[in-house]
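Going down the list, the protein sequences come from chains A and B. Numbering-wise, this note's numbering puts 850 at position 263 of the first sequence, and it's gapless, one number per residue. Numbering-wise, this note's numbering puts 26 at position 22 of the second sequence, and it's gapless, one number per residue.
Where hints are given, some of them may not hold.
Said to hold, decoys possible - Here are the computed lysine-lysine pairs in the PhoX-like style, where the Cα-Cα straight-line distance is at most 20 Å:
id	chain 1	residue 1	chain 2	residue 2
1	B	Lys252	B	Lys262
2	B	Lys286	A	Lys988
3	A	Lys1009	A	Lys1056
4	B	Lys10	A	Lys1009
5	B	Lys10	B	Lys30
6	A	Lys995	A	Lys1009
Said to hold, decoys possible - Ranges of calculated distance between the beta carbons of each label pair, as one might list FRET restraints:
id	chain 1	residue 1	chain 2	residue 2	range
7	A	Glu761	B	Leu277	43 to 49 Å
8	A	Ala1003	B	Asp274	17 to 23 Å
9	B	Gly265	A	Pro1071	39 to 45 Å
10	A	Pro1071	B	Glu144	54 to 60 Å
If you're looking for bench data, these hints aren't it; they were derived computationally from the structure. Predicted model only: the values in this text are computed from it and were never measured. Quick reminder that beta carbons are idealized off the backbone N, C-alpha and C, glycines included.
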Amino acid sequence: MTTPATRSVPLVETTGPGESRPPMELADLSVMIGGQGGDGTLTVSDLLGRYFLRRGLYVYTSRNVLSRIRGGHADASVRASRDPIAAVKSQVDLLVAFDSEAAEMGRAELAPHGFIVYDSTTFHLDLPNSAGFPFATLVGGPLGQPIFKNTAAYGAVSVLLGFDAEMTREVIQERFRRRGGEALEKNLKALEIGRNAALEAGGMANRYSVAAGDAHDQILTTGNQAVALGFVVGGGRFFAGYPITPATEIMEYLQRYLPPLGGVVRQAEDELAAINMVIGASYAGARVLTSTSGPGLGLMTEGIGHAATAEVPVVVADCQRVGPSTGQPTRNEQSDLAHLAHLGHGDFPRFIVAPSTPEDCFELTIEALNLAERWRVPVILLLDQALCQNTATSRRFDLSKVEIDRGKRITAETAATLAHYKVYEFTDDGVSPFAPPGTPGLWSEVTGNEHDEWGHVSVNPANRVRQMKKRMEKMVKARDELPPARLFGPSDAKIGFLGFGGTSGPILEAMRLMEKRGIPTRYFQARTLYPVPVHELDPFLKSVEVAYVVEQNYSGQFARLIREALPWHYEKLRSVLKYDGYPFRAPQILAEVRELANAFRAPPILPDGPEVVDG
Amino acid sequence: MTQSAKPVAPIWCPGCGDFSVLAAVKRAAANVGIPVYELVLVGGIGCSGSIHNFIEVNGLHALHGRLLAQAVGVKLSNPSLTVVAAGGDGDGYAIGMGHFMHAFKKNASILYIVMNNETYGLTKGQASPTSQIGFEGNVEPPFHAVLAALSIPAPNFIARTFSGDPKGMTAILEEALRFNREGRGFAFVEDLSPCVTYNDTYKLWREKVLDVSKLPDYDPTNRNTMFRLVYEALDQGRVPIGVMHRPKESGPNGLEQKLVGAHPGPAQADIGLSANLGAYQKLIGSLA
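So here's chain A without its partners, still in its complex pose:
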């Protein structure tokens, strides 16, 4: 290894204060890492996230990548806080830039006290509060490849943030253990190179610090991984899907998890095949899932209607992205809701459930499997890109709470006691007992044609009406079994928020900011979106004077559903919308609320004043 004295490039270019100074204590820290796709920005955010998790902090990491394999600007951010957070912070405290474009873009979001660490191999920044290290050159010599520059940058950042050296190494070991030997060895070396560069530069150590938190026994995971685990634990054993951003990871995790348990994962030729393969597999008696995003959902629509009419249980995870058409595949939106609520030709029942955290994803996936089999109705698990792909701290998944309800399933033992087997038998709850093919002595006709109780094609008008009611009324009869909403904030607050899925994190954070200003608010986090939970929404809307429906689409799809179902609350609803492809940040919600309140001449709830920033 070359010594610093013989390097042809300066070890550090810094225009910031070089003298030793006390660290700036932050209760809530945001680090942004930017560069070209392939620079390893996601790895740096992952490493930092793992470190903060070990320190008992709540962690949220997000990514901003383009739909291409390599190249193009990419950035990732990691946020750590002593408070529960599940949103991007409004400003960046520390920026790590691998190229000048990343430095330019990141500067726009940098806090006044912020600092930039950059790779000075290819560019130079003439800015105060910045330090350049030639990471690519520093690692390129001793390790033979510049690709380890990201781990060196992690090392430099660990010095700036006053990380414990041993814990910093443990994180590398944890991250690269699976890749083994050489990869682990080289990353550990890169870490030391980065740390030494920062330590030798002087004035870098302990610029910022985040006190350890008490969020222990947390895990750091994505919604997609949580859905995959929920599916496995919920007894799911058959998955078919087609690769599509941002849903693909569900299939990839299941390709790892399911085969050892005797399960089957198929990458189908298209989404038409995927939905129909899961229909066949469910009909044969397995618990099934397919996952997709907007364009694939369009192709699956006919199949979902078929499943509802044939009364074959299916669960479809819709990982929403920006639509319509190809839209923005890697960006966030919640704009499939209107389509899903009114999905398909003809009238048929469906349940739409929406989790908001990884833990919720795990639990609601299991719940969706139970609901689908219990009611023999398609269940849509509605997710959004940020929830699917961003990592968030979550309570460890609790296996002791897991229950498996297979509904009215006829088994080989119970089959022998039946006088007859009518696959669409009329019953009080509209659900007919079902025997999968292979059950000794029984067979049936399962069809998407209108049918009589035996499954025979029927055009009899009286039978048509009875079968329609049998299916449609499941949405009424299942009401008390559908996932209940979660309510946050004091029950006497007069300002309400309504939302679902990935907007919950920013909404809860906005509520804390308002609380600090003495304005109490309530939040109705819907977990069943369809059928619209009128029985839950009505008392909530009665309790508030104004309700802000926060959602990520152009037309206020959730607000429209609520207005359609509860027209008597029409006037109370205000839409807070965002459709630029990026998730909400808490201050943006506050700013919108203030503007809306003024526009509608509602009593001012927030004084006009300087732009709200994180407290």
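Since chain A is already given, all that's left is putting chain B on it; use the hints.
Coordinates of chain B only, in the frame set by chain A:
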């Protein structure tokens, strides 16, 4: 004994070629000895796709063009079932073409019967993918499913039958069902099944059918040979029938054999929490 769904009377026109298929399927299943409750018949949309209503069987009536996807799902979910998919040429070669070609590649051990009448009968006689040039103004050359099937190098069983020869058809369906039940892979049988109302080809096909097994070079294990024999027959204005591919490979090459192996399959798996607790704890424990 539990009363299950009883077959209803066929909706087909008197003389329809599909009657021969119905009779042959019943006879072949009985000869192979498949219990009714273990037999699944997945129907497509069209006259022929309603076949599952006319026989004691587990019937699954799929969406138009999607019967193969559903049938593969059934088989992978419970490999102990015998799964037959049956539909028409429009269902299989037009709206369902994507799944048709992939079915050979997938090679799940199911039997797919296409009742080819070279028209859309149920919607009253439009041109289909297999219609001859000139039929109902058709200007596109007909699709030939056997040639397409032979183009995919997978150990599939491929055959063509004629509703005017029910005995020959029964023998071929029996062989196909045994092939499936040995887990060897996908069996495709195209039956030439005339539509007596919109495209009555009985007379023409009776004159033109050519049993390829009678040809001197016949070797169903050799795709090259069979491709040439079929092409030469077509060039001579003949209608080739018979076993077109009988793979040399005799092992369990079916997709379900590769995926499920010694496990009972997704539908039969014990999904109770207690049976899997150790595995689940390990998975959840692996999270950071």
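### Message
When the structure is checked against the list of hints, which entries are broken? Sort them ascending.
### Response
7
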